[in-house]
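Take 1 as the starting number for the sequence shown in our numbering and just add one per residue.
Treat the hints as calculated values from the structure; they're not laboratory data. Do not take every clue at face value.
What the hints assert, rightly or not - Label-pair restraints from in silico Cβ distances: (1) TYR28 with LEU109: 17 to 23 Å; (2) TYR107 with LEU30: 23 to 29 Å; (3) ALA45 with MET13: 16 to 22 Å; (4) TYR82 with ARG10: 30 to 36 Å; (5) ALA52 with ALA101: 28 to 34 Å.
For every residue, glycine included, the Cβ atom is placed at its ideal position computed from N, Cα and C.
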Amino acid sequence: LPGFAVTLMRWLMPGWAGMAAIAHTIPYDLAILAGTQSGQPLPTARWTGLQAPAQVVVGGKSEPFFHAGAKALAAGLPGVHYVALPGRDHSAILMAPQALAAAMGEYFLDSA
């Protein structure tokens with residue numbers, strides 16, 4: 001991002017402090033994601049051996065590409081559930097962790 005965009009984000013984003021607090025984890029996150037953030041189709045073969053229950057969650061108000069990617073991942077893997085959080089966008093992990101936790105808890109408790 002250009003410097004001015006980062007400055008605007010610091011001033012205008014309520015979740016900036018939370019994101020800055022976990023920024024040191026980005027290299028680890030990207031290592032785990034290993035190429036899935038390149039703008040290319042997801043390598044679904046990478047996860048075809050998945051046997052544990054899994055859920056793909058996206059904010060209901062997120063941009064269409066978030067939904068398309070989440071649905072494609074869920075459709076390409078055995079037993080993966082897709083859910084959109086009503087009224088939330090892609091910042092839900094920082095701005096609405098309770099809603100995300102509730103959706104995950106409901107799914108995993110029902111899967112147990």
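Which earlier hints turn out false for this structure, listed by number in ascending order? Going through the list in order, the structure violates hints 1, 3, 5 and respects the others.
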